[in-house]
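Protein chains: 2
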Amino acid sequence: MAEQYTELELAINTLVENFHSASPTKVGTLTAQEFQSMISKELPTMVKTAGDQEGLNKLLTDMNVEDGKGVTFKDFWLLIDSLATAHFGLLSKEKQVKCVKCSLM
Amino acid sequence: MAEQYTELELAINTLVENFHSASPTKVGTLTAQEFQSMISKELPTMVKTAGDQEGLNKLLTDMNVEDGKGVTFKDFWLLIDSLATAHFGLLSKEKQVKCVKCSLM
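Protein chains in written order, with our numbering: chain A, 421 to 525; chain B, 421 to 525.
Because the hints were derived from the structure by calculation, they are not lab data. Be a bit skeptical, because a hint or two may be false.
A pair holds if it fits inside one copy or across any two, identical chains being indistinguishable in the list.
In silico SDA-like pairs for lysine to any residue, Cα to Cα no more than 25 Å straight-line [what the hints assert, rightly or not]:
| # | residue 1 | residue 2 |
| --- | --- | --- |
| 1 | 513 | 503 |
| 2 | 494 | 481 |
| 3 | 468 | 513 |
| 4 | 513 | 434 |
| 5 | 513 | 492 |
Bear in mind that the values here come from a model prediction, so they are computed numbers and not experimental data.
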């Protein structure tokens, strides 16, 4: 395809395809094990707690996934949302600090 | 830094930094013009309608941004959410079609 995608468009694609390819059997839903495997492999820096069963259970509870239910794309997106919002908050904080410094100089 | 990020982690970073770097003056909020400029440059394939004023206004209305208000990261994230969900829906549909084909063969 001749079409050129931007970095931002490719990033959206990466997020969607990561979830999609982690679900070999079911359309649109991961089992807790498939989800844990994806998180451990793909989000090792951002989500450090999902490695053991206790951490995984806590994460699923935080994502409002009921016991025994699969993880939908919507659930996964809530996690991505919280990671992105936290990251944006950190960046904005750094910027604020810089701005204060600038106005003082 | 020695830390290695995965493709998924870099994708989250790209989404956040694109919005962040599009706001040179205000912390956390883009003007409609800054937003339009970012969308035209970074989402030309996924959002084709924001090029003129009418298209931009419609997009901002769809994102529930009030007239004259800036675009926050939360607003931007709603747009990314809808693009990702639509893209995921397309992928799942393709998969379903393939699955039906498989079971027929």
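Hint check results:
no. : hint      : verdict
1   : 513 - 503 : within (15 Å within a copy, 27 Å between copies)
2   : 494 - 481 : both (14 Å within a copy, 23 Å between copies)
3   : 468 - 513 : within (23 Å within a copy, 32 Å between copies)
4   : 513 - 434 : between (27 Å within a copy, 18 Å between copies)
5   : 513 - 492 : between (32 Å within a copy, 15 Å between copies)
Checked against the numbered hints given earlier, the structure satisfies every one of them.
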